[in-house]
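Engineer: Protein chains in written order, with UniProt numbering: chain A, 1 to 551; chain B, 1 to 298.
These aren't lab readings, by the way, just hints derived from the structure by calculation.
It is possible that part of the hints are untrue.
A few chain B positions that, by computed beta-carbon distances, are all more than 12 Å from chain A [what the hints assert, rightly or not]: (1) V33; (2) F46; (3) N155; (4) L163.
Calculated lysine to aspartate or glutamate pairs in the EDC-like style (CA-CA distance at most 20 Å, straight line) [as the list claims (entries may be wrong)]: (5) K78/A - D75/B; (6) K77/A - E229/B; (7) K433/A - E74/B; (8) K500/A - E488/A; (9) K42/A - E488/A; (10) K289/A - E221/A; (11) K430/A - D75/B; (12) K376/A - D79/A; (13) K78/A - D76/B; (14) K337/A - E56/B; (15) K500/A - D278/A; (16) K433/A - E95/A.
In this text the structure is predicted, and so the values were computed from the model without any measurement.
Virtual Cβ for every residue (Gly too), placed ideally from N, Cα, C.
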Amino acid sequence: MSNHGQLSRRSLLAAAGFAGLAALTACGSGDEGGDSKDLSKKQDGAMKEYRAGEQFKATKALSLSVLHNNNPVYPTKKDWLFWEEVTKRTGVTLEPVDVPLSDYEKKRSLLIGSGDAPFLIPKTYHPSEVAFVSSGAILPVSEYVHLMPNFREKVERWNLKPELDSFRQSDGKYYLLPGLHEKPKAGYSLSLRTDVLDRIGVALPTTWDEVYEVFKAIKAEYPDSYAFSDRWSTNTVYPAGALVSYLGASYGVKAGWTYDNVTFDTSAKKFVFTGATDAFRQVIEYLRKLVAEKLLDPESFTQTDDEATRKLLGEKSFGISANPQELVQNYRFNLEKQVKGAKIEMVPVPLGPAGEVVLGGVRLENGVMVSSEALKSKNFVAMMQFVDWLWYSDEGQAFCKWGVEGETYTKSGSAYELKPGISLMGSDPKAPKDLQKDYGFFNGVFTYGGSWDLVSSSFGPDEKKFQDAMATRKQLPIDPPHPLQSIEQEQATLWETPLKDHVNQNMLKFVLGKRPLSEWDSYVTELKAKNSERLADLHTKAYERYAKENA
Amino acid sequence: MSRGPRKSVTEPTRGYRVFQGVNGVILTLVVIVTLYPFVNIIARSFSGERQIRAGEVTLWPKGFNLTTYKIVFEDDAFWRSYGNTVLYTVVSTVIAMTLTTIYAYVLSKRELRGRGLLIGIAVFTMFFSGGLIPNYVLITSLGLKNSVWAIALPNAISVFNLLVMKAFFENMPKDLEEAAQIDGLSTYGILWRIVLPLSKAVIATMVLFYSVSFWNSWFSAFLYMDRTELMPVTVYLRNLIAGATTGSNSGAGLDQLSQAAANIQSVTIVLTALPILAVYPFVQRYFVSGVMLGAVKG
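Whenever a hint applies, use it, and build me the whole structure from the sequences.
Structural biologist: Below you can see the structure in the form of structure tokens.
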């Protein structure tokens, strides 16, 4: 027994030693990049005058390594027209390092940690880049965006600076080049059985109060079923993550899977703990009412997606959260097969006390990290110009999404149409070719963001209706930058998870009626005991410091 | 438990019979629990989409349907990964068996000087490893990345298997080898002509252990392979399962497609597990005695 203990202690020590070594190696490789703001020796292949809207073409042939997410829906092929055409247009040959989608993050950490990362590391979701900042392995790209005219032009024209500022670290720099959207794109909302609503004579709801009335009407007609039974409760720590999120937005609070422990209170000019706000309480009260009156299936918060869908198809429920893709390809497609005359539609997110709003900060998407090694390359400037063209220029974005005009698509006005014989996500089941699988366009690694024209060019009729309605709404203000320093970050990390867990658990208890809402005050006291206020204060301090330093 | 048989060998006591009854029930339950997922996966792989979605499929296929099998059989990527898996498994198992056998044989000789050190080196790796990143850096700088060696060499000796084999060799009667020596066989001759032919049981067991673990492994390939065409079928399957929950499918007709979406995972699982399952009955004869060999020393 004692022997056992000794061994594990020894192995712990050894592990710590190795970890230290690894950290040292990682740091070592970062430092050599130097502070070389002087880019004069790194101009190989770069264009002397490269402006926004101009075609980038390397002055000599280059090759660039890029981490590539291999999506099983369109597995990577060497003979994709995409690779060939990129080289033809820009003189840059992309060398993909293929990583299975299932474990993309794992391999990315490994490659960065071992100093073996490709120059370009796309498909990185904020804030996962933060983990690599302290090792120096990735480049503070904000220092080099002067090489990227298209990127700067879009940030300016679409007024994305506040969003971008929220990516800044305590050194005032940001390390990720995010995808940029002209307008926020909403993802999720309620979908309801419209044939049932027609039959019982109620209209589609536009506010949450009407949702309640509609649910009551459905319940009156089908007392043995639920009006609504929801999904997106598994594979996420947030019960009914989608529903709570868009409901929360209508109350002006980050909830569900968009939950964040702290929120900026614009009137008091400080951060407050989200899970203890009034708006958060109202969200819970609303859900409690639905569950208490048996309108909302209590299993919504625990069941799997499959179970929820099965209830919808089996008419055990008449509504479910949706995104446009799930609506068309899953619910509607399967309902039509199983229930005669069934119709289902998605409604624009119903309005709540916050009015016609959507969450802020959703105009930035996943994006590209650049390895610090790239800065040592003679081709650095050309590389940044290339990134700017491919991911941020109008032509680059249209090319990544739709391919080559005349070959894969035709364009009239702002409408894109695929050439006959080419299908996209099942748009033409009989087509022999597929834009993603056979040509390599519309690839999540390269295609995201852009102007509303481009983004909406691929919407189906349902999504178009939904997005057009949502696009008129105002964004809720986003939190001002409040980057923590590394010691603060460690402290915050220790507090974050227990707090989040406590909020989630108690939200569930309140909603399911296992804890009466009269105990709200003691719930808030419990949160305080778990350092909710100190966490908020920490962020307020960081916000004030940042504001002072960057005034 | 021990009371029964001691009393009489031919006529079991009542207590023993009760014990056997209970034992039988419990073991049957264990068998059912273990087998059910297999049977269910097989049933799903042959079932229709509607029945799967409605949750009707349990033990027997419902709405018999082969569409997904057809789709998978027509997928080049599947067969390419399958070929990789076969290649990696065969090469790795051959190398692992060769190295493990000769290492274990050497260690079984008590008169060997430095034997303790050699054992120590092996056992050390059971408790300590360099860690993920140092290993990755090592393999990369040795130039093994994107080759079968990156999978075969680092996993060539499993210390557990080594120790089992060593114990087996230690049990071999010394006289046998001495007689062979007197008859003029060299050290290698003894190993090759006397010891190995007498060790079929343990060799079969080890081949099974190694090949199953190489067949099922995905992590080394995932770490050291940068190109999709080098990935084994396990990585393909893993990716497929992850993708099925995130992406929408495309290409085939929508009807075919939703059939595939419903059971492509079970179809691929069946196809992946089948060959290695098929090996078991053939080596089971050796397997049962083989695992126990070396467990008890006389």
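Engineer: Look at each hint and say if it fits the structure.
Structural biologist: Verification of the hints:
Residue placement check: V33/B keeps its beta carbon more than 12 Å from all beta carbons of chain A (closest about 21 Å). Remark: the non-interface label on F46/B is consistent with the geometry, its nearest Cβ contact in chain A lying 19 Å away (cut-off 12 Å). With a least beta-carbon separation of about 18 Å from chain A, N155/B lies farther than 12 Å from that chain, consistent with its non-interface assignment. At roughly 17 Å, the least C-beta separation between L163/B and chain A is larger than 12 Å, which holds for a residue marked as non-interface.
Among the hinted pairs, K78/A with D75/B is consistent with the structure: their alpha-carbon atoms are about 16 Å apart, no more than 20 Å. With a C-alpha separation of about 9 Å, the suggested pairing of K77/A with E229/B holds against the 20 Å cut-off. Proximity of K433/A to E74/B is assessed by CA-CA distance (about 15 Å); at most 20 Å being required, the pair is judged to hold. Of the supplied pair hints, the one linking K500/A and E488/A holds, its CA atoms being roughly 18 Å apart against a limit of 20 Å.
This hinted pair does not check out: K42/A and E488/A have alpha carbons roughly 37 Å apart, beyond 20 Å. For the hint pairing K289/A with E221/A, the CA-to-CA distance comes to about 19 Å; that is within 20 Å, so the pair holds. For the proposed pair K430/A and D75/B, the alpha carbon gap of about 18 Å is at most 20 Å, so the pair holds. This hinted pair does not check out: K376/A and D79/A have alpha carbons roughly 31 Å apart, beyond 20 Å.
Under the criterion of a C-alpha separation no larger than 20 Å, the hint pairing K78/A with D76/B is consistent with the structure, at around 14 Å. With a C-alpha separation of about 17 Å, the suggested pair K337/A and E56/B falls inside the 20 Å cut-off, and the hint holds. A distance of roughly 17 Å separates the Cα atoms of K500/A and D278/A; the hinted pair therefore holds under the 20 Å criterion. A hinted pair counts as satisfied when its Cα atoms are at most 20 Å apart, and K433/A with E95/A does not qualify at roughly 24 Å.
Taken one by one, the earlier hints fail for this structure at numbers 9, 12 and 16, listed in ascending order.
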